[in-house]
Amino acid sequence: MAQQLGFWIDQQYCTGCKACQVACKDKHDLPLGVTWRRVVEYSGGSWSTDPAAGTFAPNVFTYYTSISCNHCDDPICVAVCPTTAMHKGADGIVSVDPAKCVGCRFCEWACPYSAPQFDPTAGVMTKCDLCADELAEGRDPACVAACPSRVLHYGEIADLRAEHGDRADVAPLPDPSITRPNLVITPHRHAEPTDAGTGTITNPEEI
Amino acid sequence: MPVGELPLVLFTLLTQMSVGSFVALGAVHVLARRRYPAATVDRLSDPALYAIGPVMVAALAVSLLHLGNPVNLLNVLNNLGSSWLSREILLGCAFTALGAAFALCQWRRWLTPGVRQAVAAVTAVVGLVFVWASAQVYLIPTVPAWDTWTTPVAFLATTFLLGCLAVGAAFVVAASVRTRRAAAQGARPEAEAEVDAMLRSSLRGIGLTAIAVLAVELLVLPAWLLGLANDGSPAATAAAAALTAGGWLHLRLVLAVLGGGVLALFLYRAAAAGGRRLLLVTAGSAFVLVLVAETVGRVQFFESYARIGI
Ligand code: SF4
Ligand code: SF4
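Read top to bottom, the protein sequences are chains U and L. So the first sequence is numbered by our numbering: it starts at 1 and just counts up by one. So the second sequence is numbered by our numbering: it starts at 208 and just counts up by one.
None of these hints come from the bench; they were simulated from the model. Worth double-checking, as some hints may not be accurate.
Derived list of chain U stretches under chain L, where covered just means 3 residues or more per stretch with a C-beta under 8 Å from a C-beta of chain L [claimed, not checked]:
no., stretch
1, 21-33
2, 71-81
3, 113-119
4, 157-163
Listing some non-contacts, in silico: residues in chain L with all C-beta distances to chain U over 12 Å [to be verified]:
no., residue
5, Gly233
6, Pro261
7, Leu297
8, Arg316
9, Val350
10, Arg387
11, Ser408
12, Ala477
Derived CB-CB ranges, DEER-like [stated by the list, open to error]:
no., chain 1, residue 1, chain 2, residue 2, range
13, U, Pro98, L, Ser383, 24 to 30 Å
14, L, Val322, U, Lys88, 46 to 52 Å
15, U, Glu156, L, Thr444, 47 to 53 Å
16, U, Lys88, L, Ser383, 39 to 45 Å
17, L, Ala265, U, Pro98, 25 to 31 Å
18, L, Leu272, U, Asp74, 28 to 34 Å
19, U, Lys88, L, Trp339, 48 to 54 Å
20, U, Pro148, L, Val262, 58 to 64 Å
21, L, Gly434, U, Val22, 40 to 46 Å
22, U, Glu206, L, Pro254, 52 to 58 Å
23, L, Leu465, U, Asp74, 45 to 51 Å
24, L, Leu433, U, Ile207, 45 to 51 Å
Note that beta-carbon positions come from the ideal geometry of N, C-alpha and C, so glycine has one too.
Only chain L is shown next, with the shape it has when bound in the complex (with noise of 0.2 Å):
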C-alpha cells in the first residue's frame, strides 16, 4: 500500500479526531453537568481538553507538508468564492482559534461558566462545519470516487468514532495518572469516588456511541464499494481495484470490528463494575485498533483517487 499523500491522510485524520474529541467532551460536560457540579466535571474533562489543541495544531502543521511551494502559504485563503480547499483551511484554523480560547479561558477560569460553555458549543459547530468542508474538498466530480455522499458521512463518522474513543482513553489515563498522585500525596481517595462514578459512566455513553458509529461505517463502506461497482467507468473500475487489492480491506475491518464493536461492548460492560487497571486496557486498546483502522482506511480513501478523461 503505497502512501503517497501521507500529509493529507494525517491532516485530515487528526483534524477529525480533535474535532471529534471536542465535540464528545461537549456532549459529555452537558450530561454531566445535570448531575455534578462544575469543579468535579472540569477534573474529568479538562486534561482531555488541554490535549486536542497541541494534536489540531500539528494537524495543521503537518499539512504544510502537501505543498509544493508553501511561500506562497497567505495566499490559500484568496478564493474562498469557489475554492473548498480555501474554506477548510479557514475554518480549520477559525476551529482551533476558538479552541484556544476556550481551553484558556477553561484553564484561567476566566468568564463565567454559561459563557464558556456558550463560547465551546460555538467551538463545535464550527469544527463539525470544517469536517463537513473537508469532505467537499474531494466531491471532485471528475473523481468518481470520492465525488459521492459516502464521503461526508465517512468523515463525520470518523469523526465520532476516533473522537469519543481519544476521550475515552484520555479519561483513564489521566484518572490512572490522578490516582497515582493523589496516593503519592497521601489524600482520601473517597475525594475521587465522585470523578469515578463519573468516568464510568462516561465510559458506557462513549461504549454504546463508538458501537452506534461502527454499525453507519459498516454501512457507508459497502455503499461505497457497490456504488464504485455500478459506475462502470474506468476511473470508478481502477478505484474499486485499487481498494480491493492485498488484504487492507479485510485488516480494515476486522481492527474496526474489533476495537469500535467487540471491545468498546466490552468497555461499556466493564465501565460499570471493572477494575480501573481493566478499562485502562479496553479503553487504551479500542483506541488504537480503531485508530490503526481509520488509518488503513483513509489511505485507501487515497488510493481510490482515479480521475474520468485522460
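If we strip away everything but chain U, and leave its shape as in the complex, we get (with noise of 0.2 Å):
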C-alpha cells in the first residue's frame, strides 16, 4: 500500500478543458452545485514600455490549475472537523464519513482550495476520496484516466517529487506551507508565484 499518495500536473501543457472536471462529476454522480475538482483559469496582464521606440506591448498571461483535494499532511479541514467525519485514511487520503458528519460546514470554511463541497440535499459534507474504489481494483482515479493531454497524473507523492520537484506554490493557490499539501505542479511559464495578486480568477463561479 502507498505511504501518501499525492497529484501531479503538468501546468504547462493543461489546455483548460475539463475533462477531469467533467469525469469526476459524471463518476461520482455529483449534484448540481458539487464539484469535486475544478480547473481553475488565472489571468492577468501588464503592459511593457519601450521608450526608444515609444511603443506599449502588452504583456497578458492565462493559464490552468486542475484542483480537487490535495490530501495534505497537514489538513486544516481535519483539524477543525468536530465529529472526525473528516479523517486522513489510508494511502494517506483524506475522505469525509457522512455517517459521522454533522453538517456544520467548518471544513468547507477553512479549507484554502475549497476541496469540501457541501451536499444541500444529504445535509453532509462531501469531497473527493481519490477515487478509494477505482485504486482498490488497480484502476486509475477518473479525471487522471481522462485527461486528453495527460498532464494529470497521481501517484506516491514521494515519487512525483523526486522526478518533478516541490513546487505548489503557484497563484492563485494558497501558501502551500499551510496545509502541505500532497500536491506537485510542474508550472505554466507564466506562472506567477502565490500571493503575487497580479491576476485573477477568471472564472469564479465554476470553482
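Hints are included, so try docking the two chains, each in its own frame, into the full complex.
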C-alpha cells in the first residue's frame, strides 16, 4: 500500500479543457453545485513600454490549474472538524464519513482549496476520496484517466517529488506551508508566485 | 446586508450576553454583599439570574439550525483533541449545566451561601473560557478577517457590554414589577428602601462599566479595519469591502455610542436621584440600542468571511 498518494499536474500543457472535472462529476454522480475537481483559469497582464521606440506591448498571461483535494499532510479540514468525520486514512487519503458528519461546514470554511463541498440535499459534506474504489481495483482515478493531454497524474508523492520537483506555490493557490498539500505542479512558463496578486480568477462561478 | 449565518449570529450573541450577565451579576453580588445582607442582595439579583438559563438554552437550540445534519449531533464532541468547535460546545454545555445547578441551589436555598458563591465563581470562569473558546473557533489561518487578536477581544467586549446592560435592564424591570406588586399588597414601600439603594449604586457601576467597554470596542474596531487594509491579500481586501459596504458600520457605531456611551453616562448620572420611571426608560433603551448595535456588528463579522486561496 502507498504511504501517501498525491497529484502531479504538468501545468505547461494543460489546455483547460475540463475533461477531468467532468469525468469526476460523472463518475461520482455529483449533484448541481458540487464539483470536487475544478479547473481554475487565472489571467492577468500588464504593459511593457519601450521608450526608445515609443511603443507599448501587452504582456498577458492565462494558465489553468486543475484542483480537487490535495490530501494534505496538515489537513486543516481534519483539524477543525468537530466530529472526526473528516479524517486521513489509508494511503494518506483524506475523506469524509457521512455517517459521522453533522454538516457544520467548518471544513468548507477552512480549506483554502475549496475541496470539501456541501451537499444540501443530504445535509453533509462531500469531497474527493481519490477514487479509492478505482484504486482498489487497480485503476486510475477518473480525472487522471480522462485527461486527454496526459498532464494530470497521481502516485506516491515521494516518487512524484523526486521526479518532478516540489512546487505548489503557484497563484492563485495558497501558500503550501499552510496545509502542506500532496501536490506537485510543474509551473506554466507564465506562472505567477502565490500572493503575487497580479492576476484574477476569471471563472469564479465554476470554483 | 444578507444574513446567511443567522443561527451563528444569534448563538454567539446570546451566549455571550448570558455569560456577561452572569459575570455582571456576580460582580454586583460580591460588591453589594460588603454593605447589605445576603437576603437583600438576593432579592435584587435572583430575578435576573433566572432569566439567564432560558436565554442560554435558546442559544444552544438555535445553533442547531446551523447544522445540515443534526442527526449526528452527538459526534460533535469527538474531536476535543484538535477542534475548537468541539471544545466550544463542551464548554458551552458545562456553563449551562453549572449555571442551572447554581440557580437551582439559589432558588431552593440549598447549600451555604459561601458554597453557592464558590459554585457561581466556577461557573463564571467556565463561561469566560467558553467565550474565549468561541473566538478560537474563528481563528482560522485561512480567513484573514477572523484570524486576528481582535476577534477574541471583540467577543469579550460584546460579552461585558451586553452582559452589564442586560443586567441593568433586568434590574429596573424587576424593580418596577416588585414596586407595583408591593403597592397592590399594601406593603410599606420603606421595606424596599435597601433594595432601591442597591439598585441605584448597581446602575451607576453598570453605566461606568458600559462606557469603559465601549471605549475598548471603539479602539478594537479601527484596529481590525486597519489590519485588513494593511494585509493586502485579496481575501482581506474583500473582507474590508464587505465591512464598509452600505451604511452598516456607521449605523453600528452610532447605536453603540448612543446606547453604551450617551445613555450609559446619563444612567450613571440619573441613578443617583432620578425617578424610577426615568431609570427604567434609560437602562431599557441603552440595552436595546446596544443589542441592535452588537447584532449589526456580529452580522458584519460573519459577512467579513473571505478565504485565501481558491
Ligand atoms: S485540500 Fe483541503 S480538504 Fe483536501 S486535505 Fe487539504 S485542507 Fe483538507
Ligand atoms: S461539515 Fe462534517 S466533515 Fe466538515 S467539519 Fe463539519 S462535521 Fe466535519
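Here is what the structure says about each hint:
| no. | hint | result |
| --- | --- | --- |
| 1 | 21-33 | violated (count 0) |
| 2 | 71-81 | holds (count 5) |
| 3 | 113-119 | holds (count 3) |
| 4 | 157-163 | violated (count 0) |
| 5 | Gly233 | holds (30 Å) |
| 6 | Pro261 | holds (24 Å) |
| 7 | Leu297 | violated (10 Å) |
| 8 | Arg316 | holds (39 Å) |
| 9 | Val350 | violated (7 Å) |
| 10 | Arg387 | holds (46 Å) |
| 11 | Ser408 | holds (44 Å) |
| 12 | Ala477 | holds (45 Å) |
| 13 | U/Pro98 <-> L/Ser383: 24 to 30 Å | violated (54 Å) |
| 14 | L/Val322 <-> U/Lys88: 46 to 52 Å | holds (47 Å) |
| 15 | U/Glu156 <-> L/Thr444: 47 to 53 Å | violated (39 Å) |
| 16 | U/Lys88 <-> L/Ser383: 39 to 45 Å | violated (59 Å) |
| 17 | L/Ala265 <-> U/Pro98: 25 to 31 Å | holds (29 Å) |
| 18 | L/Leu272 <-> U/Asp74: 28 to 34 Å | holds (31 Å) |
| 19 | U/Lys88 <-> L/Trp339: 48 to 54 Å | violated (29 Å) |
| 20 | U/Pro148 <-> L/Val262: 58 to 64 Å | holds (60 Å) |
| 21 | L/Gly434 <-> U/Val22: 40 to 46 Å | holds (41 Å) |
| 22 | U/Glu206 <-> L/Pro254: 52 to 58 Å | holds (57 Å) |
| 23 | L/Leu465 <-> U/Asp74: 45 to 51 Å | holds (46 Å) |
| 24 | L/Leu433 <-> U/Ile207: 45 to 51 Å | violated (30 Å) |
Checked against the numbered hints above, the structure violates hints 1, 4, 7, 9, 13, 15, 16, 19 and 24; every other hint is satisfied.
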